Amino acid sequence: MSLPYFPGCTLKVDAKHFEDSAMKVMEILDEPLQEMKDWICCGTVFSMTSDDLMLQLASIRNLLRAEEQDIKELIVLCSMCYNTLKRAEKFITEDEENLRKVNDVMYKEDIEFHGLVEVKHLLSILKERITFNKIEEKTQKPLKDFKLGAYYGCLLLRPEDMAIDTFEDPDIIENLLKSTGADTIKFPYRLECCGAYQTVNNKDVTISRTYEIINSARKSGCEALVTSCPLCAFNLDQRQKQTAEAYLDFKKMPIFYFTELLSIALGSGWDKSWEKLHYVDPEPILKEKNLI
Amino acid sequence: MPISLNRNKVRNELVKRIEEISAQDVFQCYQCGNCSSGCPVIDYMDISPNQVMRLAQLGEAEMILNSETIWICATCLQCSSRCPKGIDVAKVMEAVRSINLRNRDGIVKPDREDIEDIDELPPIALVSVFRKKTG
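Just so you know, the protein sequences line up as chains A and B, in that order. Per the working numbering: the first sequence = residues 1 to 292. Per the working numbering: the second sequence = residues 1001 to 1135.
It is worth saying that the hints were derived from the structure and are not from the lab. Computed from a prediction, not measured in an experiment: that's the story for all the values here. Careful, some of the hints might be misleading.
[To be verified] If you only want the chain B side, here are some residues facing chain A, beta carbon under 8 Å, derived:
{"hint": "1", "residue": "GLN1057"}
{"hint": "2", "residue": "GLY1059"}
{"hint": "3", "residue": "PRO1084"}
{"hint": "4", "residue": "GLY1086"}
[Stated by the list, open to error] Capping the alpha-carbon separation at 25 Å, the derived lysine-lysine pairs in BS3-like fashion look like this:
{"hint": "5", "chain 1": "A", "residue 1": "LYS203", "chain 2": "A", "residue 2": "LYS178"}
{"hint": "6", "chain 1": "A", "residue 1": "LYS287", "chain 2": "A", "residue 2": "LYS251"}
{"hint": "7", "chain 1": "A", "residue 1": "LYS289", "chain 2": "A", "residue 2": "LYS147"}
{"hint": "8", "chain 1": "A", "residue 1": "LYS203", "chain 2": "B", "residue 2": "LYS1009"}
{"hint": "9", "chain 1": "A", "residue 1": "LYS287", "chain 2": "A", "residue 2": "LYS272"}
{"hint": "10", "chain 1": "B", "residue 1": "LYS1085", "chain 2": "A", "residue 2": "LYS90"}
Think of the CB as a built atom: it goes at the ideal place given N, C-alpha and C, for glycine as much as any other residue.
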């Protein structure tokens, strides 16, 4: 049986390697992913206003589509989609009045929405359903002597009630990476914001964040960073170009999605097409570690 | 900037509006500064997150509405997760932004001239900035 998942917009373009590698990984773990039908943009950011229901509807409609397709558990890869969809799930399940209101607004839909879909991040599926022990058993190419820093950013952890792990000192990504034989380092800036959408009109903000975060990782001994958010990945990887121009002492560092490294470790390999979606070339370090 | 204290300004209509949209009581804040000490982008702000709370208490909503701070905030929720009083400071920021956006006072225009490297930016960055900053 395959597991239904929600890709979101960026996994179809800039983060295609995230989607591809996740598909390969889940295939090899005998729990293949199946893209849900008729999904739309999740809205990317959850509205925190208390009086504007319309802003929640994009994510809620995705949950409705999932319910229509009899999906009980919807898997999400992108941290931003996860945050938005999970908070939408909570918005309707924790308050009956909200559920009633959204059904009123969506009166033209064919079915009534009940809020039965549970949103889960792929990392939680790997931990709870697959288990890290199984990943360790299935590892064919251990990420030996590879010093990795897990970069969580914000949206997997905050607000606390939808965090995929303890929100102040998580170790789900570290434990996953350890199960593939990697060394992990908890570096100081691993839970700090990358500047997010400030990358559009306040580029300086994100450049200084990238400088701080990668410097902090390097000083702690990390050789590469691992993330699950396409916006963090853009800011930490692509924005290294401008970071290197702004800070002369800056040294570049490769950024991976956790699924890319899992794909190598589990034997489904590294796809040459993923390289061009990275700004900092990840191949030299992968060759140095005898992983490709 | 000097602020004149005036009890008639306290909890004025605009502050009430901020409290209503954010569903937060700004008077809960006792100015410990924990939000500001955790804010990763405070260097780029003109007023700090705890000053936003204080100005709201004093009835100086206009100063918050016209600040850079509300547009620099990236909604990372660090402030909200650290507040010992349980105030969702990020919701207060969001409320102020939305008052501006509802008055069509957004700061990002969704056009090519306004966004320097639009062709390089991933959809996730563009959609989120339009949601947060386009009125």
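Going through the hints against the structure:
no.: 1; hint: GLN1057; in the structure: violated, 20 Å
no.: 2; hint: GLY1059; in the structure: violated, 21 Å
no.: 3; hint: PRO1084; in the structure: violated, 14 Å
no.: 4; hint: GLY1086; in the structure: violated, 11 Å
no.: 5; hint: A:LYS203 <-> A:LYS178; in the structure: violated, 34 Å
no.: 6; hint: A:LYS287 <-> A:LYS251; in the structure: holds, 19 Å
no.: 7; hint: A:LYS289 <-> A:LYS147; in the structure: holds, 10 Å
no.: 8; hint: A:LYS203 <-> B:LYS1009; in the structure: violated, 37 Å
no.: 9; hint: A:LYS287 <-> A:LYS272; in the structure: holds, 13 Å
no.: 10; hint: B:LYS1085 <-> A:LYS90; in the structure: holds, 22 Å
The structure fails to meet hints 1, 2, 3, 4, 5, 8 from the earlier list, while all remaining hints are met.
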